[in-house]
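A.B. asks: From first to last, the protein sequence lines stand for chains X and G.
Note that the first sequence covers residues 0 to 332 in numbering that gives the first Met the number 0.
Note that the second sequence covers residues 0 to 334 in numbering that gives the first Met the number 0.
Hints are not guaranteed to be accurate.
[What the hints assert, rightly or not] Here's a subset of chain G near chain X, in silico, CB distances under 8 Å, partners left out:
#1 Thr186
#2 Asp188
#3 Phe230
#4 Lys237
#5 Lys240
[As the list claims (entries may be wrong)] 25 Å max Cα-Cα, derived BS3-like pairs, lysine-lysine:
#6 X:Lys64 / X:Lys13
#7 X:Lys64 / G:Lys7
#8 X:Lys13 / X:Lys328
#9 X:Lys16 / X:Lys64
#10 X:Lys328 / X:Lys16
#11 G:Lys240 / X:Lys123
No lab work stands behind these hints, which were simulated from the structure alone.
The model shown is predicted, which means the values in this text are computed figures rather than measured ones.
C-beta atoms are modelled at their ideal positions from N, C-alpha and C, and glycine is treated no differently.
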Amino acid sequence: MTTATAVQTPLAVKDLKVYYHTRRGPVKAVDGVSFELARGERLGLVGESGSGKSTIALALMMAHKEPARIEAGSILLNGSNLLDDNDEQVRLRRLSEIAMVPQGALNSLNPVMRIRDQVIDGLKDHNVRMSDGEFSQRVAELLDSVGLDRDVASRFPHELSGGMKQRVAIAIAISMNPSVIIADEPTSALDVVVQKQVVQTLREVQERIGAAAIMIGHDMGLMAQFASRIGIMYGGKIAEIGPVSDIFNNPKHPYTRLLISSLPDTRSKRRLEGIPGLPPSLLRPPPGCIFHTRCPEAMEICSQEIPPTRELDANRYAACHLYGDDDGKVVEL
Amino acid sequence: MTVDYVLKRLGMFVLIIFVAGTLNFAIPRLRPTNPVEERMNQLLQQAGGVHIANVEQMIERYEERFGLKNPLWLQYVNYWIALSRLDFGQSIAYFPADVTKEVRRAMPWTLGLVGVTTVMAAVIGSFFGAWLGWTRTPLAISFVVPLLLIVTAVPFYLLGLLMLWAFTVFWPILPGGGAHDPLLAPTFDLRTIIDIVEHAILPAGAIILSSIGFWGLGMRGMMVTTMGDDFIKLAEFKGLKERRIFVRYAVRNALLPQVTGLAINLGFVVSGSVLVEVLFAYPGIGNLLYTAITSNDYFLIQGVLMYVIFAVGLMLFIVDMIYPLIDPRIRYRSA
Ligand SMILES: Nc1ncnc2c1ncn2[C@@H]1O[C@H](COP(=O)(O)OP(=O)(O)OP(=O)(O)O)[C@@H](O)[C@H]1O
Ligand SMILES: [Mg+2]
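Chain G on its own, in the form it takes in the complex:
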């Protein structure tokens, strides 16, 4: 891995953030009307004149923040300074809460739920896919293919509703929503942990079941392609043990594209899983985003968006850094 290589990828990462951030700055200013005033008026109409004091305070803050009277370049510089402090302004829906504070409150739940389930779905799915793509797999495992296909084909929300009904109504053994029992103090004792896990089972199950097929079928396809490669034939002519051919030759190579896929998906984890979080009333980023969108909370949406862009860019950068270690050909090409 050369310094040149690292710098090039780092430059790419910076460029992604720069372009995304600039768009974020430009889009509201390209509008003919003042976005803040417009939102405020909307809000005033909805609220029917209540909380006037708050609204005036809001307008004041936003004017101050955007410094719309300042020259454009100064606005731009101030914008980046604020961004570098992770300051995305104040939420409209939760005013006067900071966007950053709201995001920080929701983020751990999302990282825990969506992050863990994304990794689990990728690992379990790839594992099944690898077996399904292996020509010598016993029939007992082959029946999983149609099963995976069926589960993948069922729409996300339908699966969630079905599970919700099955385990909270028909056979009520799991909590129907939330991330934890509201009566439990958030301390890290065993009871709290068990409670949190219990609340996570249904949404986690929905996410894993609905995305496992994606990973499984992708892996299976790659395995079938890899199994046709000449180096698999030579491995067989060499009289290698099945296990070695499977692990070191077939899976090892078929897994390469899955790694990239997983990294990108992990980047998107920070945007949460809107459908699942809303369905199970899970207080993560997905839920926050949902509220933000339904209440026209422009700043919250933008804040979450910047987090997503940053996370995806970062994951792509990390993948670029570790890829030469898992695929020697990449190092060669970029040298």
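Here chain X stands alone, though its shape is the one from the complex:
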């Protein structure tokens, strides 16, 4: 955990597979996903509904529920594999090493507990020993850092607006200085102005504590505001991943191109509108490249072979048959 690589790479996901075992067979929601996060890095995960983004987030928190099961892969958190830990070890690593800002800003706080107590109980269950005064001081600092008044501590959730509640959720997430913060559509329940402010706050606190972050979302505008790198998900796989500017200006994967060109305008409303065709069945995925059924550039090989992931540029990876050995070498997962 204290090795040099662990410090540089708080999170390394390798060939992660998460299937939902339904009566009709396994739904391959996450099917061989690999990526690494450097310290302080912000990764944005985008992709249409059902592409497996939330499933990844849950698996990283080890909070996936039946019928979901992690089939293969590893999740190296600060250099040690979460999948090797028992339940109690996983519990202790939540919040202290990896924290989650959840989606439902409106209902994610316990309605019968004061904010102060909901911040403190996480610390207490991670064996943080402090006097009452010190706990109050810590809560006040955390509220300060997410831009909330200190008197919020003594309020109940129903006395806060949606944006304030989400700030509380951020304060809770950073309360133990985790090395990784995951935010699954953290602002989807908020209005546009508040969305921007909350994302800004998330970015500030993340930079302050030097954590790596993953933000999941549909809003390309917010993504551009937040992320340093973007991963495009399709059908449980990462189609393409690279720095934000490259993804926007020079998309390599045909799916990414469709996504970018479907954005109406870079300045106006930049929501993912979707592309023609139906999402693939994850129960019975098509053979070969999972995107070939909707791909405008599909070739014969696309329906036969799964495209390998190639490193096309520094820090640029895409899985597509358009590229050969001349364009970049295949990376082994």
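Use these hints to put chain G with the ligands onto chain X, whose structure you have.
C.D. replies: Chain G with the ligands alone, transformed into the frame defined by chain X:
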């Protein structure tokens, strides 16, 4: 909790009593015939002319009490004055006993039996329900679900009869009826207490077994709903201990509707448990009510009814008073 809030709920309580009391006053007067004379005639026929002196005395008393010759408003005022003194008149069945006296004699038995068992059933049922609704409950406890369902489905009286047969005939270890050994003087020594508890076991068991499923299934449903709430997910992401999530997050919230349910049920306690009390010859309000109904004892029925209305109203008022303390959102809404 604001003064405004308390006054509003208090007003509601007074209104309930007022409406119920007025109905109680109006209904017998809306009848075309004099209810007292009618009852007396009925009674005379049944008695075959015996106790004539008593009956005349009864008619006299009732005429006096109802003051039927008085103007209606005066009758109404007198009625409320009598009610405020908890004076419900005299029982027909137990004449010349006061209704209030009869009720007071039966009430302790009912409060003891039905009150205690109602709380016990609610606590035990909610406890099981909470475990059953908890997704991580060991299988060993999960088998209780079908068991609860079966017990709830068995009719009350069947369960009682079965228990009566099992423990007084098949395996005679418990007394078959009554609230205490009639030979024991009602003093509060250990022997009396043991005797009273022994007599209460069967009726108490019948009440608890037949209502525990109601509480258990209600709680289980609320737990399942609560477990799906986002704040449970965040609690898990926070790496809280299971125990804390279970007690402070899940049960704490799922219990809220159970509290209201318990309060209303406690209000109804004063009407006793007719079936159980009759079956086990238990001298509580339920038994009294049964006698009153079978003997057309209009005043006794009305007296018990007023007690029930008062108790339910009072419990609702108490719940309104304590609810803001257990659910902060209520305080907000009424402010
Ligand atoms: N409990 C479940 N049982 C079976 N299949 C499931 C279950 N939960 C999710 N799935 C499937 O897994 C796939 C991925 O779902 P996931 O929620 O991860 O998508 P997502 O990318 O987060 O979508 P969205 O943008 O709508 O949030 C979907 O095809 C979904 O139908
Ligand atoms: Mg999702």
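A.B. asks: Could you run down the list of hints and mark each one as holding or not?
C.D. replies: Hints versus structure:
| no. | hint | verdict |
| --- | --- | --- |
| 1 | Thr186 | violated (47 Å) |
| 2 | Asp188 | violated (46 Å) |
| 3 | Phe230 | holds (5 Å) |
| 4 | Lys237 | holds (4 Å) |
| 5 | Lys240 | holds (5 Å) |
| 6 | X:Lys64 / X:Lys13 | holds (21 Å) |
| 7 | X:Lys64 / G:Lys7 | violated (46 Å) |
| 8 | X:Lys13 / X:Lys328 | holds (18 Å) |
| 9 | X:Lys16 / X:Lys64 | holds (14 Å) |
| 10 | X:Lys328 / X:Lys16 | holds (23 Å) |
| 11 | G:Lys240 / X:Lys123 | holds (10 Å) |
In this structure, the hints that do not hold are numbers 1, 2, 7, in rising order.
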